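Visitor: As they're listed, the protein sequences go chains A and Y. Numbered by my numbering, the letters in the first sequence go through residues 1 to 257 in order. Numbered by my numbering, the letters in the second sequence go through residues 1 to 406 in order.
Hints are computed from structural coordinates only; laboratory data are not their basis. Keep in mind that the hints are not guaranteed to be accurate.
Partial list, derived from the structure: chain Y residues whose beta carbon lies under 10 Å from chain A [stated by the list, open to error]:
(1) M26
(2) D173
(3) E336
Covered stretches of chain Y, going by a simulated chain A footprint (3 or more residues, C-beta under 8 Å) [said to hold, decoys possible]:
(4) 6-19
(5) 175-187
(6) 292-302
Have a look at the derived ranges for each label pair, beta carbon to beta carbon [unchecked claim]:
(7) A:H244 - Y:K280: 31 to 41 Å
(8) A:Q11 - Y:T269: 50 to 60 Å
(9) A:T145 - Y:L149: 47 to 57 Å
(10) A:T145 - Y:F152: 47 to 57 Å
(11) A:S89 - Y:D294: 53 to 63 Å
(12) Y:A399 - A:E137: 54 to 64 Å
(13) Y:Q38 - A:T246: 47 to 57 Å
(14) A:D33 - Y:R162: 35 to 45 Å
Predicted model only: the values in this text are computed from it and were never measured. All C-beta atoms, glycine included, are put in the ideal place defined by N, C-alpha and C.
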Amino acid sequence: MGKRKLTDYLQQLQAKDKNLFVPYIMAGDGGLDKLKERILFLQDCGVAAIEVGIPFSDPVADGSTIQNAGKRSLKRNTTLAAVLDTLASFKDKRQVPIIVMTYLNPVYAYGMEKFARTCSQAGVDGVIVPDLPLEEEDLLTNMLTKYDIACIRLVALTSPKERVDALIRRSEGFLYAVTVKGTTGSRISYENEVNTYLQKLKEQSDVPVLAGFGVSTSEQAQALASCCDGVVVGSKIVELFNEHQTDEIKKLIGESL
Amino acid sequence: MTTYTGPDHNGKFGNFGGRFVPETLMPALLELETAYEQAVKDPEFITNITSYLHHYVGRETPLYFAKNLTQAFGGPKIYLKREDLNHTGAHKINNTIGQAFLALRMGKRKIVAETGAGQHGVATATVCALLGLKCVVFMGAEDIRRQKLNVFRMELLGTEVRSVSNGSATLKDAVNEALRYWVTHVEDTHYILGSVVGPHPFPKIVRDFQAVIGNETKQQMLKQYGYLPDAVVACVGGGSNAMGMFYPFIEEAQVKLYGIEAGGAGLNTNQHASVFHQPKPGVLHGTLTNLLQDEHGQIQEAYSISAGLDYPGVGPEHSHLHATKRVNYAAVTDIEAIHAFQQLSLTEGIIPALESAHAIAYVKKLAQEMDKHQSIVVCLSGRGDKDVEQIKQILEEKADGKTKTH
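All chains, please: the whole structure from these sequences, using the hints.
Guide: In structure tokens form, the structure reads like this:
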């Protein structure tokens, strides 16, 4: 369980020469009772891990698709506690690693240690908090370490070398390489510098490097994965689930691996 | 009293503050911090800003003894620090002048800003017109509706106003959108944040540029009257006029400081903007501070008759000054603020901004507990031209027998 499980799972897939594909879903979008069904569906599609988003009222790193999904979820009164409860209820039914992604404030309100402990009990293997940069992360990482949960760091196109080095040194699970200067959401093309940036990260990093933010097609996924180890796809998956297009999701994942 | 310092190198004021932003923005914040530290050591930068504050903004602003109001309240002498007389009608321009020159030093010629009532937006648009900077201002759709004239002012000044309809479509959401815009354009754009909120170094930079209010007040009190006031009162939304006024007085232990929040429809309702009523720390807009939030950490909407106080957070330094009890925080309601708005207009011929009217309303209460030999300075942060239409409507509705105060 935890950090080890995430690393092992990713390595096993890589040994099979597969691109890693990590989808993001918004917990509670369409109702919390959909969470189990969606996670097991994605597991069957062959994903490397699943990012489970917990909604926050003020998600500054997100574009409109995930903002709206968060809003729909909050309208259904989704809470951090309820999501972790749900995840705990079927942890024996899944092999795929689970990564919880949320902003700091819901975690802060819940309590740092309680969050880490409950995540551990719910079979959560990693955590991503986009508004927790290196300078502030001790607040949470001490607790995550105590309960053997990976703290997944984001590295940005704007990060200068010394920050990239520090992020790589501390990375756990995988390194999340943000491929745009901007928020999450679909984009047509990437800046040229992205390929070199990803290749450099991959050369340096001991853990897999996954590219994310703005990936929406299998062509993009393949192109990016050729420079690193795989991709995180958020807004597109959220959009397709909201439109009940599960066949499209299966296709997107299948063609990206 | 020990020397007051802060923030520390991580932007912390005691347990509050910090930099809770996505990695993409971190380099820009570090760059801003370095640029600011170098700028304030450069005499040319300081002279330049001082010169613009004098010749363009109209500083120093008067410290005015409000004799009639003093008589009406029947207690201590009341002095008004007339920030309402600044160019653009409020204290906001003290900060935008400073930050715009800072942007130029960093080689950034594009500006993004948020605005609630439009005062900070107008102050930003003004300096951008002056210095030839390209400016985008985010404003909540609801605020755009309420403050049409300020939108037009910004447009006249060459600024693009973008409507934000996410969330509650007010200031909080405008800040979110400005942050998202900044993430996307961070390399050539500077974010002129309008209050002592947001990630480090903004709370420090905005405080320092606003500290001209308190520094002038201190000198004026000593020069004009030969003593320091017993109390200093300022309204607090994000808290920039208050922080600028309080900062130079923090080490003057005998001067009591009062920060006045918006009590809206009353603190016993959920229609207010007082984070210190039931302080609950959390992280919003990149800083750790007291927030209006539910038990699950979701941010709640603030409410006040005054758009400038309508913010669910407060500057982290205020949270620190609250925790250390150096500043007393209290709230006054919409109704009390309207009465103060009318009373200052009638007694002194000064129409205050609704924000500043909250401070006046509290002075009325405070005056009852003080005697004639004592004195109070109030930061009159802005003028009320922008609020006249809203007050007219409220008073007409009241006259019609409807009780619409919120």
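Visitor: Hint by hint, say whether it matches the structure.
Guide: Hints, verified against the model:
no., hint, in the structure
1, M26, "holds, 5 Å"
2, D173, "holds, 8 Å"
3, E336, "violated, 30 Å"
4, 6-19, "holds (count 3)"
5, 175-187, "holds (count 8)"
6, 292-302, "holds (count 6)"
7, A:H244 - Y:K280: 31 to 41 Å, "holds, 39 Å"
8, A:Q11 - Y:T269: 50 to 60 Å, "holds, 56 Å"
9, A:T145 - Y:L149: 47 to 57 Å, "holds, 55 Å"
10, A:T145 - Y:F152: 47 to 57 Å, "holds, 55 Å"
11, A:S89 - Y:D294: 53 to 63 Å, "violated, 24 Å"
12, Y:A399 - A:E137: 54 to 64 Å, "holds, 57 Å"
13, Y:Q38 - A:T246: 47 to 57 Å, "holds, 56 Å"
14, A:D33 - Y:R162: 35 to 45 Å, "holds, 38 Å"
The structure fails to meet hints 3 and 11 from the earlier list, while all remaining hints are met.
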